[in-house]
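Number of protein chains: 6
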Amino acid sequence: PVRVNGFVCKNPMKVNADDFFKAAALDKPRVTNKVGSNVTLINVMQIAGLNTLGISIARIDYAPLGQNPPHTHPRATEILTVLEGTLYVGFVTSNQPAPNRNKFLSKVLNKGDVFVFPVGLIHFQFNPNPHKPAVAIAALSSQNPGAITIANAVFGSDPQISDDVLAKAFQVEKNTIDWLQAQFWENNHN
Amino acid sequence: PVRVNGFVCKNPMKVNADDFFKAAALDKPRVTNKVGSNVTLINVMQIAGLNTLGISIARIDYAPLGQNPPHTHPRATEILTVLEGTLYVGFVTSNQPAPNRNKFLSKVLNKGDVFVFPVGLIHFQFNPNPHKPAVAIAALSSQNPGAITIANAVFGSDPQISDDVLAKAFQVEKNTIDWLQAQFWENNHN
Amino acid sequence: PVRVNGFVCKNPMKVNADDFFKAAALDKPRVTNKVGSNVTLINVMQIAGLNTLGISIARIDYAPLGQNPPHTHPRATEILTVLEGTLYVGFVTSNQPAPNRNKFLSKVLNKGDVFVFPVGLIHFQFNPNPHKPAVAIAALSSQNPGAITIANAVFGSDPQISDDVLAKAFQVEKNTIDWLQAQFWENNHN
Amino acid sequence: PVRVNGFVCKNPMKVNADDFFKAAALDKPRVTNKVGSNVTLINVMQIAGLNTLGISIARIDYAPLGQNPPHTHPRATEILTVLEGTLYVGFVTSNQPAPNRNKFLSKVLNKGDVFVFPVGLIHFQFNPNPHKPAVAIAALSSQNPGAITIANAVFGSDPQISDDVLAKAFQVEKNTIDWLQAQFWENNHN
Amino acid sequence: PVRVNGFVCKNPMKVNADDFFKAAALDKPRVTNKVGSNVTLINVMQIAGLNTLGISIARIDYAPLGQNPPHTHPRATEILTVLEGTLYVGFVTSNQPAPNRNKFLSKVLNKGDVFVFPVGLIHFQFNPNPHKPAVAIAALSSQNPGAITIANAVFGSDPQISDDVLAKAFQVEKNTIDWLQAQFWENNHN
Amino acid sequence: PVRVNGFVCKNPMKVNADDFFKAAALDKPRVTNKVGSNVTLINVMQIAGLNTLGISIARIDYAPLGQNPPHTHPRATEILTVLEGTLYVGFVTSNQPAPNRNKFLSKVLNKGDVFVFPVGLIHFQFNPNPHKPAVAIAALSSQNPGAITIANAVFGSDPQISDDVLAKAFQVEKNTIDWLQAQFWENNHN
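Residue numbers (the working numbering), protein chains in the order written: chain A, 30 to 219; chain B, 30 to 219; chain C, 30 to 219; chain D, 30 to 219; chain E, 30 to 219; chain F, 30 to 219.
Excised from the complex, chain A in its bound form (with noise of 0.2 Å):
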């Protein structure tokens, strides 16, 4: 089969709508994770047609008091509307000149707010209701955007990192990395 960009590339006599359709993806809540939250992701690898078209979308369910943690997407923007309850969210700036150094930029975010989270930069979404549940839709700048959940990529990589490098790096004990690295670090994209 032809590819591009490493995906299959169809035959376009045999092209249809299906291969720019995905069905019931994105409209039940799903069950949240330890962190209290699921990302739902269609990319390319949901729907092909969507290769080199530099686009996916998201569905985000949020359990009370749930988070999306802190985490980057290598190769994409995100734009993040709520559709039900409340969210906080934020991102923190690189290493631009003091003082601008590292500012954490954050916002209380209701039903129909929208929010930028530019690419590359290390953002979270967290539901501070203790009693109700929160949904957002989310369009990334890529079909295969990425992502990097900080604390499972730093302490839960496979193999570890070495304990004297994360101990150093976080200004914490040798021992403290070792039970951050015996922790089970789940995954909230399924």
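Take these hints with a grain of salt, some might be off.
Where chains are identical, the list cannot tell them apart; a pair therefore holds if satisfied intra-copy or between any two copies.
[As the list claims (entries may be wrong)] Pairs of lysine-lysine residues, derived as DSS-like cross-links and limited to a Cα-Cα distance of at most 25 Å, are as follows:
hint	residue 1	residue 2
1	K51	K203
2	K203	K136
3	K136	K63
4	K203	K161
5	K51	K39
6	K136	K161
7	K161	K43
8	K39	K203
9	K57	K140
10	K132	K161
11	K161	K63
12	K161	K140
13	K51	K136
Since the hints were made in silico from the structure, they are not lab data.
Note that the structure is predicted; figures quoted are calculated from it, not measured.
Mind docking chains B, C, D, E and F on chain A? Use the hints.
Leaving out everything else, chains B, C, D, E and F in the frame of chain A:
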């Protein structure tokens, strides 16, 4: 002021969360126009921080039997999901060699379904339900995607395109073109 | 065979000048179609060496009173110069805020004049001379620019777009749409 | 004034067809220079509306036995078609592994033939006819492609490159370099 | 002054070699910080002529047992070679489907070895030698790559990220987060 | 095997650190060629993981009085720093309007100095020291930048460019061209 891409680029010292935020942007149903839709687009004109980031987001309201009429985005692919109701959607491929020329790919979308409209192709959404409105969220792969409503651009331009040209292009009498050009071509992007 | 962009990428050992060459491609007038034009496009399908290089070239023949009807290129800007005769040309801008919405910018071009049609905008060329043909050379900023003839894509797609949708979009009776859909929509790219 | 890419970006309210137009740009033969050619390039300096659109167009006149001498375009691929006469054209590939290193791919072009010069490669066109001029139209994949005539840049720069360096690079005596640097290196882009 | 990308674009008449030059930029060992490294980056802020050209270069000094702690570059891939000493380096892949999720790829580099850190992925370098410093040269695929030191951005932002959010994200007690946020997070890019 | 960009794209299950690594690539001085230099380039042919990532790195060795002769990179800007010795470097601008046409910008670089050679421009480095070698590290903004040594491409191509063309282009007698074409044009990229 410093400008990038023609838009003001704020002093990094003064950037704050509001530059990446738009309140109450997409939560409320909006009055639909003559063809029965209303597109609320949040792009770089609404959120200055989107500049250069290559994405925007929209809410589209559809009246019963309303439509977002055939149009193109000159600078973006669109990915859409249905929040409420049902939509009959489709796009037409370009002049590929026969028998693939101008194929019409369509689908009926229900809540939670996702569909993709590739960059530059003519597409539409139609709410086939005579009683209930529909709502969709769409994302576009540009901070300034543009929209060209076909009928408005062809028959409602200012000044008008020569009716000699349009009569021959559309295989109709000149007085049919004149009649069309005399109509009011309402924009559904407000 | 190795492929790049979906096209065969020849073994460098076997590449020769013919991979960057097309003989007698653009010298001869060609028979024009029902709307009075014929576009001879030399793209990556004609010259394999164009792959990834982002450019193509075309000759356009116009019969007396012939036109290259309103169309868009989803992936390219076009720059055109007149070799013979006269052309009335124009394009319509997109839905910018009023009073700039759908402005029609047009010009009469004589031999040697140059005009630009920005990417994705609806444009046309018309030969206003009832006696003499016209010829133009156009270049496009993609090795595979695509072309969407508006009337053909809207009224001549396969299968047809619902006449309910089109009647409302174009503010005409359904039987007018049915009549239009029953016509033969000839392609002028051969 | 607002600028994009360093060029003035006109107020959309004031944009008109003249911003996408250049009159009588490419119709007339022009006087050729010492090497027997004259390139008339219509780029963003000639048509402001080309800014960001990634294309430009040129007419090239060749005297009998004239040439457009070996040169490169640092930011564009070129596609060329012959309008009148005959051209002997070619380009040299880069330092790929032997035996593909610096292969010279050439062709004799007649009226209507099309040839491609990939971005950044050294290429030339030569009119082998001792009696008749030739004319070509070329398009380039940038609104500001640049041109570097090899002999002019190497031997005619201001100030001159050290003759020690050039003598060793070209395996000739320093006085040969000095003689070359004393010549007048006329530009054929006027 | 004319600006491109937000940076001043010098009048071409006044451009000279100094606009592409930085003296004594990368020759001298520099004092390392608390985590034992110092990154000297030459980007568009140091050499104005780099604007739009998509590359920058850095020297990195490592104290014995020093590290360039886990960080990402939001806009660049990095390629690194060791000039002196030994480095233990690695990066963590993103959330690809299991079993490829968050794989840690690492290597011990000696003088002259080359390693690549793909765009946006978390990576680090560590000098495992308790007695000798190390030095590397790294190049980045942007004139303004940015850098996000993970610990600094997560625990040292201004203002601080809510400790509720971070405690849950990192599976630790809030007082651990509070302790971390009370530390001084020194930047190693000076 | 899956290929991207014409290069094999390894199964993600089997990717490991060696795919981003090249051992002992740039540490050792290498024998210089006839013009007194040797470029050791680590690009996508050496490290498969560089594919699509837009960067490569090189070590350049210079003999006393050796040079990396005038050349261009058709697909990359270069940034260079001197590790040992002294280099006289420069580039020539393109055919901008006079008086900026073909300006030669040069500099003497000492250890630790950084210089930039913009994409596609003719540039060289020369070691003016008659006794000591020099060493530089250069990075290029492409995983496959290409290199075109001017003298080799013009006078050493296979087959040879017509001496009629070159004699006129370089304003010398045909027998001078013939003599040049009879020389051995050694490549300094090994």
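Status of each hint after checking the structure:
1. Taking CA atoms no more than 25 Å apart as the test, K51 paired with K203 passes in neither setting, with 46 Å inside one copy and 32 Å between copies.
2. Proximity of K203 to K136 under the C-alpha cut-off of 25 Å is restricted to the inter-copy arrangement: shortest distance 21 Å between copies versus 35 Å within a copy.
3. For a Cα distance limit of 25 Å, the shortest separation of K136 from K63 inside one copy, 24 Å, qualifies, whereas the shortest one across copies, 33 Å, does not.
4. In this assembly of identical chains, the alpha carbons of K203 and K161 lie at most 25 Å apart only when taken from different copies (23 Å versus 38 Å within one copy).
5. Only within a single protomer do K51 and K39 lie at most 25 Å apart by alpha-carbon distance; the minimum there is 17 Å, versus 28 Å between protomers.
6. Taking the shortest Cα distances, K136 and K161 sit within 25 Å of each other inside one copy (19 Å), while across copies they are farther apart (34 Å).
7. Taking the shortest alpha-carbon separations for K161 and K43, neither the intra-copy value of 46 Å nor the inter-copy value of 35 Å comes in at or below 25 Å.
8. For the identical chains of this complex, K39 and K203 are neighbours neither inside a copy (52 Å) nor across copies (36 Å), given an alpha-carbon limit of 25 Å.
9. Both within a single protomer and between protomers do K57 and K140 lie at most 25 Å apart by alpha-carbon distance, with minima of 18 Å and 9 Å respectively.
10. Taking the shortest alpha-carbon separations for K132 and K161, neither the intra-copy value of 30 Å nor the inter-copy value of 35 Å comes in at or below 25 Å.
11. Taking the shortest Cα distances, K161 and K63 sit within 25 Å of each other inside one copy (16 Å), while across copies they are farther apart (38 Å).
12. In this assembly of identical chains, K161 and K140 lie within 25 Å of each other by CA distance both inside one copy and across copies; the values are 13 Å within and 22 Å between.
13. For a Cα distance limit of 25 Å, the shortest separation of K51 from K136 across copies, 11 Å, qualifies, whereas the shortest one inside one copy, 32 Å, does not.
Violated hints for the displayed structure, listed by number in ascending order: 1, 7, 8 and 10.
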